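Engineer: What follows is each chain in one-letter form.
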Amino acid sequence: MTQVAPEPGATAAPFAVEALGLGKVFNPGSPNQVDALVDIDLVVKPGEFVSLIGPSGCGKSTLLRLFADLIEPTGGSLTVNGKSAHQARLDQDYGMAFQQSGLFEWRSVERNIELPLELKGWDKAKRKARSTEMLELVQLTDFATHMPWQLSGGMQQRVAIARALAAHPQLLLMDEPFGALDEMTREHMQAELLRICARTGTTVVFVTHSIPEAVYLADRVVIMSPRPGRITEIVDVTLGRDRDELTREASEFFERVTQVREALRGIELAAGARGIEDR
Amino acid sequence: MTQGRRARRVVMFVLAFALVALVWEGYKAIGPEEGGTLFGVRLLPRTGDRAMPHVWSMWNRLWDPEIRGGTESIFVVVMRATWYSLRVAIVAFVLGSSLGIGLAVVMARFRWAERAIMPYLVVSQTVPIIVLGPLILSLMAFASRDLAAETWLAAVFLGVFLAFFPVAVGTLRGLQATPPAALELMDSLASPWWKTLVKLRFPAAVSYIAPALRLAGAASVVGVVVAEISLGIRFGVGRLILSYGQEATSDPPKLYTAVFGAAVLGLLMAALVVAIDRVLMRHRPREAS
Amino acid sequence: MSLAVQRTDSTRARQLVSAAVPPLVLGLVFLAAWQLWVEVYDVKPFIIPKPTAIWQSLVDNSDLVWKASWVTGVNAFVGLVCGAVLGFGLAVVTNRFRIVSELIDPLAVTVAAVPAVVIVGVLNNMYALDSQIGRRIMVSIAVFFIVFVQVAKGLRQNDPTQMELMRSYAATPRQTLRKVRLPNALPFFFTAIGTAAPIAVIIALVSEYFGGTQDGLGSKISGTLNGSNKALGFAYVVGGSIVGLLFFAGSALLEYVVVPWRRRRRSR
Chain A
0 MTQVAPEPGA TAAPFAVEAL GLGKVFNPGS PNQVDALVDI DLVVKPGEFV SLIGPSGCGK
60 STLLRLFADL IEPTGGSLTV NGKSAHQARL DQDYGMAFQQ SGLFEWRSVE RNIELPLELK
120 GWDKAKRKAR STEMLELVQL TDFATHMPWQ LSGGMQQRVA IARALAAHPQ LLLMDEPFGA
180 LDEMTREHMQ AELLRICART GTTVVFVTHS IPEAVYLADR VVIMSPRPGR ITEIVDVTLG
240 RDRDELTREA SEFFERVTQV REALRGIELA AGARGIEDR
Chain B
0 MTQGRRARRV VMFVLAFALV ALVWEGYKAI GPEEGGTLFG VRLLPRTGDR AMPHVWSMWN
60 RLWDPEIRGG TESIFVVVMR ATWYSLRVAI VAFVLGSSLG IGLAVVMARF RWAERAIMPY
120 LVVSQTVPII VLGPLILSLM AFASRDLAAE TWLAAVFLGV FLAFFPVAVG TLRGLQATPP
180 AALELMDSLA SPWWKTLVKL RFPAAVSYIA PALRLAGAAS VVGVVVAEIS LGIRFGVGRL
240 ILSYGQEATS DPPKLYTAVF GAAVLGLLMA ALVVAIDRVL MRHRPREAS
Chain C
0 MSLAVQRTDS TRARQLVSAA VPPLVLGLVF LAAWQLWVEV YDVKPFIIPK PTAIWQSLVD
60 NSDLVWKASW VTGVNAFVGL VCGAVLGFGL AVVTNRFRIV SELIDPLAVT VAAVPAVVIV
120 GVLNNMYALD SQIGRRIMVS IAVFFIVFVQ VAKGLRQNDP TQMELMRSYA ATPRQTLRKV
180 RLPNALPFFF TAIGTAAPIA VIIALVSEYF GGTQDGLGSK ISGTLNGSNK ALGFAYVVGG
240 SIVGLLFFAG SALLEYVVVP WRRRRRSR
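Protein chains in written order, with numbering that gives the first Met the number 0: chain A, 0 to 278; chain B, 0 to 288; chain C, 0 to 267.
Chain A on its own, in the form it takes in the complex (with noise of 0.2 Å):
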C-alpha cells in the first residue's frame, strides 16, 4: 500500500494542535452570555487520531470550529501545526468535513473534490491527477464525472473526506460526518476512514455522539461536559492500529466503550444532561 506523501515543503511540527488553557465565551458581558469552553487543555500527536464526545452543549463542536479559526478564542492559546489557527487555515493546513457533505451540487464528483484546489491556484492537469488520485484513495474512481445527488449518502461522504484531503493537509477535523447515515453504512464508513489514514498518515480530530464511533477510530478518545464547557476526561484506547470488523467484537472495545460509557453517565448523574446515544 503506497503512503501518500504530505506536501513537498510542509514543515513537521512537534504537535498537531495544541490548546492552552483555551476558552470561547459567547456574547460575554450580556444577559445571553454562554461560556462555551472554559480552560481546555489538549495536545494531539502527528498522526493521532482523536475522538471528541459529550452530550449536548459540552462544547465538541465549538473546540473543532477553534481549532479550524471558524471562530476565535476568548482565552487561552491555540497553535495548530505549529502556527497560530488564523495563519494555518490561510495556508489551508487541515481539511474539514462536516454532518452534510456540502457538496457543491453543480458540479461533478471530481470537480467538488478539486474544489479547494481551485482555490489555491492550481493548474487544470495537476488538479486533474489529484483528484484522480483521492477518487482512488476513497475507491469511488468509476464516479469521477458523476452528480452529487446521483450518489448515496455514504458515497457523497466519501467525497467530502476526498476533498478535505485533497490538498494533502496534516490535519483531518471532522464534525460528526457518518451522523446522517444509517448504522451499516456508518460502520463501513469507519472502516474506510481508518483505512484512509492509514495511507495518508493524517493527524484526525473528530467529534461524535456515537460511543462505539468514538472508541473504534481513535487513539483517545476525549469525554467532555457541558455548563461549562470542559474536558472531564480522556481515555486511551489500546486496541493498536490495525481494527477491523472483529475489533468490534473484542472484549478489549468492550471495555473501553464501558469506560467511556460510564465516564459519560458520571456527567449525566452530575448534572441532568442528554444527548449521547447508547448505540
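Calculated from the structure, these hints are not laboratory results. Given the structure is predicted, the values throughout are model-derived calculations rather than measurements. Take these hints with a grain of salt, some might be off.
With a cut-off of at most 30 Å between alpha-carbon atoms, the simulated DSS-like pairs for lysine-lysine come out as follows [what the hints assert, rightly or not]:
| # | chain 1 | residue 1 | chain 2 | residue 2 |
| --- | --- | --- | --- | --- |
| 1 | C | K178 | A | K127 |
| 2 | C | K178 | A | K125 |
| 3 | C | K178 | A | K82 |
Could you slot chains B and C onto chain A? The hints should help.
Structural biologist: Same frame as chain A, but now just chains B and C:
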C-alpha cells in the same frame, strides 16, 4: 411585526418614492429636450413639460378643480373613481377566488377532472387570456340585454375570469401537496373524504392558496380596469385613464393623477389580500424571506 | 448503491400519451359543443364565430397573424432579456447593501399592483408615438422587478455548510460569490424567468391597446374583436397564445439545460 420594523418599512416606502421623484426631476434637468439615444437606441424620453411634467405640477394638479370652473378637485374625482373600481374588483376577487377553489376541490376529488382540466389551467397562466376580454364582454351582451345595461357586471366578469385561474392552480397544488403520512393517518381514523378535505387538506394547502390569492387580487384589478377602458364604463378608474390620457397633450399632469388613482387602487387591493393572508397564516411559522 | 432509476423509453412514452388523452378529449368536446351551439342558435359571426371559421381565418390570414406575432414577440423578447440582465446584475451588485433591496421592495410591490395598462399610458406620453421603445421598457420594468426580487432572495439564502467550507478554505468574498453564491442563486433566477416570460408576452400585448403603432398583436386583437371580423380576431388570439406558449416552453427548456440539478430538488 415589531414596531421598529413596521416604521422602517414605512420610511423605506416613502424614501423609495422620494428617490424616484428625485431621479425624475434630475433627468428632466439634464436630459435632452427631444429625447435622445443611448447605445444607438431611442431610449431617453422627451423632457419637455408636455412629456414629463414636473413632480410638483402633478401634485398641484391633484388639488385643482377637475374641469375649469368646476367645484370638485381632481383628488375627489379620482378617489371616487378609485373607490368604485375597488368595490367592483373586490366582488370580482371574492367570486373568482371562490370559483377557483371550488374547481380545485372538484379536481382534487375526481382524478379524471384533474387530468382533463389541469393542462388548460397551466396554459391559462402562460397564454395572454386578457386578450379575450372584448370577447367575453360581447358574449355577455349577447347573453342578456339586461346584463349589458349593468356594465359593472361586465367588469366583474372579466375580473373573475382573470382571477379564477391562478386560484384554481394554486389551490389544487396545495390540496395535492398534503403529506402522505398525514393522509394515511386520516384514513386509519376512517375519516370520509370531505372531512379529510376540511380538516387536513385545506389547512395544509393554505400556504399555497395565499400566494395564489395575491395573484388573483392583482388580476381582478387588471380585469376590472381593462373592462372599464374597453367599455368606457363611466365611473371607474379605467375611464379616467382613458379620458385624461386623451387630454394629455393639453393637460399633461391630469393623466398622472389618474395613474395615482390606479396606483392607490392596486395598493389597496394588495393590502387587502395581505390582510387576508395574515389571517390565514396567523398560526404558521413565518417563512424566512 | 442507489443511482437514479432509469425508466424505459416505452413506459415514458405511454405515460405521456395517457396524460395527453383526457385534456385532448375535453378540448375536442368543448370545440364541438361550441360549434354546435353556434349552428343551432344561429349565432351571427359578428358575435361569436364558430371554431371552423376561426381555423379558416387563421389559414387564410396566416401571414398577417405571423407578422403581428413577430412584432409582439420581439417586443416581449427584448424586454425579457433587458429586464433579466438588469435584474440579475443589479441584484448581484447591490447584494452587499441591504438598503437597496429595502428600497426596491416598495417599488416592486407597486409595479406589481398597478395594472400595466396604466403605466403604459404614461410611457406612451413620454415617448414618441412611432417607436416600440415604450412597450419594451414596460416589459423590461415588469421583468426587472420579478428577476431582481428572486435573485436577491437566492443570493441571501446560503447553505451554512457550504459557507463554512469556503471559510475554512480562506476563500476571498469574490471567490465565494463566484463559486458558491451565484450557482446557488441560478435556480431562483430561472424560477423568475419562468414567471416573467409569459408576463412579458402579456404586457407586450396589453401595451399596444392604447395608441402607438398598430402593427402588433395587441392592437390587432382589440381592433378586430371590437369590430365585425371576429374570426380574424380569434385567429390573432390563437397567434398570441402560441407566442405565449413558446416563451414558456423556451424558458422551461433553458432551465432544464442550464440548471439540471434543480430537477432533483423540489424547492420553492
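Engineer: Does each hint fit the structure? Answer for all of them.
Structural biologist: Structure-based check of all given hints:
1. C:K178 x A:K127: With a Cα-Cα distance of about 18 Å, the restraint between K178 of chain C and K127 of chain A holds, given a limit of 30 Å.
2. C:K178 x A:K125: Status holds; Cα separation ~20 Å.
3. C:K178 x A:K82: Measuring from Cα to Cα gives roughly 28 Å; hence the hint holds.
Of the hints listed earlier, there is not a single one the structure fails to meet.
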